[in-house]
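Chemist: Sequence:
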Amino acid sequence: MAKMLYSVSMSADGFIAGPGGDMQWLTDYLGPNPLIDNLIGDVGAILAGNRTFGGDDPYRETPQEGEAFGGGWSGPQFVLTHKAPARPVPGVTFVHSIEEAVAKSLAAAGDKYVNVLGANVAHGLIEAKALDEVLTIITPVMLGDGVRLFDHPGGTQVKLERTKTSAVEHAVNIWYQVKY
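Taken in order, the sequence shown gives residues 1 to 180; the numbers are from the UniProt record's numbering.
For the record, the hints were derived by calculation from the structure and aren't laboratory data.
Careful: at least some of the hints might be erroneous.
Said to hold, decoys possible - With a straight-line cut-off of 25 Å between C-alpha atoms, the simulated BS3-like cross-links for lysine-lysine are:
#  : residue 1 : residue 2
1  : LYS112    : LYS159
2  : LYS159    : LYS83
3  : LYS104    : LYS179
4  : LYS3      : LYS104
5  : LYS164    : LYS112
6  : LYS179    : LYS159
7  : LYS3      : LYS164
8  : LYS129    : LYS164
9  : LYS104    : LYS164
10 : LYS83     : LYS164
11 : LYS3      : LYS129
12 : LYS104    : LYS129
13 : LYS104    : LYS83
14 : LYS83     : LYS179
15 : LYS179    : LYS164
16 : LYS129    : LYS159
17 : LYS112    : LYS129
18 : LYS179    : LYS3
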């Protein structure tokens, strides 16, 4: 049965995107990572937020621009948005609610992961108690400002149980199970 996995690269000070959604900071940290290389084959579908889908790309101005995992993965993609674009995007289904996003992406993933991209989508999945796991790839840089990994004014505690850790020269990978 498919599981919802929020996988995200994060600066050492807790930001997943720089100011204005800038993702160019990540370019220097996209080197080989066996955990990610192995994960790609276990992803059956992608669920992204609209800002993530249409936002900055660390592969900008390269042949991998706009490709999931820099071109290492292909398959069904779902984008959670209030307004779908006027023209269809090949391979992308636009969905309008967390419930619809969960149902369609899990069905498409089969027995693999739905890889979740975007802080707002992950937050919505946590509120719906639909997020199963979190993979945080911590990079050796501090951005000082930007989009936080998880931000909930007034506070919300989400308990996580660490299930795996590994490290490469440019990242520390921490895999958690979400505990509701």
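Chemist: Next step is simple, just say for each hint if it's right about the structure.
Modeler: Now for the hints, and whether the structure bears them out:
A C-alpha spacing of about 23 Å is found between LYS112 and LYS159, which places the hinted pair at or below 25 Å, so the restraint holds. Between the alpha carbons of LYS159 and LYS83 the distance comes to roughly 33 Å, so the proposed pair goes past 25 Å and is violated. Of the supplied pair hints, the one linking LYS104 and LYS179 holds, its CA atoms being roughly 23 Å apart against a limit of 25 Å. For the hint pairing LYS3 with LYS104, the CA-to-CA distance comes to about 12 Å; that is within 25 Å, so the pair holds.
Between LYS164 and LYS112 the CA atoms are separated by roughly 18 Å; this keeps the pair inside 25 Å, and the hint holds. Taking the CA atoms of LYS179 and LYS159, the gap is about 5 Å. The hint holds against a cut of 25 Å. In summary, the hint linking LYS3 to LYS164 is supported, as the alpha carbons are separated by about 16 Å, within the 25 Å threshold. Between LYS129 and LYS164 the CA atoms are separated by roughly 22 Å; this keeps the pair inside 25 Å, and the hint holds.
Restraint check for LYS104 and LYS164: the C-alpha separation of about 28 Å exceeds 25 Å, so the hint is violated. Of the pairs offered as hints, the one joining LYS83 and LYS164 is violated, with about 37 Å between alpha carbons and a cut-off of 25 Å exceeded. For a cut-off of 25 Å, the pair hint linking LYS3 to LYS129 stands: about 12 Å separates their Cα positions. Straight-line distance between C-alpha atoms of LYS104 and LYS129 comes to about 16 Å, which keeps the hinted pair within the 25 Å bound.
Restraint check for LYS104 and LYS83: the C-alpha separation of about 17 Å stays at or below 25 Å, so the hint holds. A C-alpha spacing of about 32 Å is found between LYS83 and LYS179, which places the hinted pair above 25 Å, so the restraint is violated. A threshold of 25 Å between alpha carbons decides the hint, and for LYS179 with LYS164 the separation of about 15 Å falls inside it, so the pair holds. Between LYS129 and LYS159 the alpha-carbon distance is near 12 Å, which keeps this suggested pair within the 25 Å criterion.
Of the pairs offered as hints, the one joining LYS112 and LYS129 holds, with about 19 Å between alpha carbons and a cut-off of 25 Å not exceeded. With a CA separation close to 14 Å, the supplied pair LYS179 and LYS3 stays within the 25 Å bound.
This entry does not satisfy hints 2, 9, 10 and 14, going by the numbered hints stated previously.
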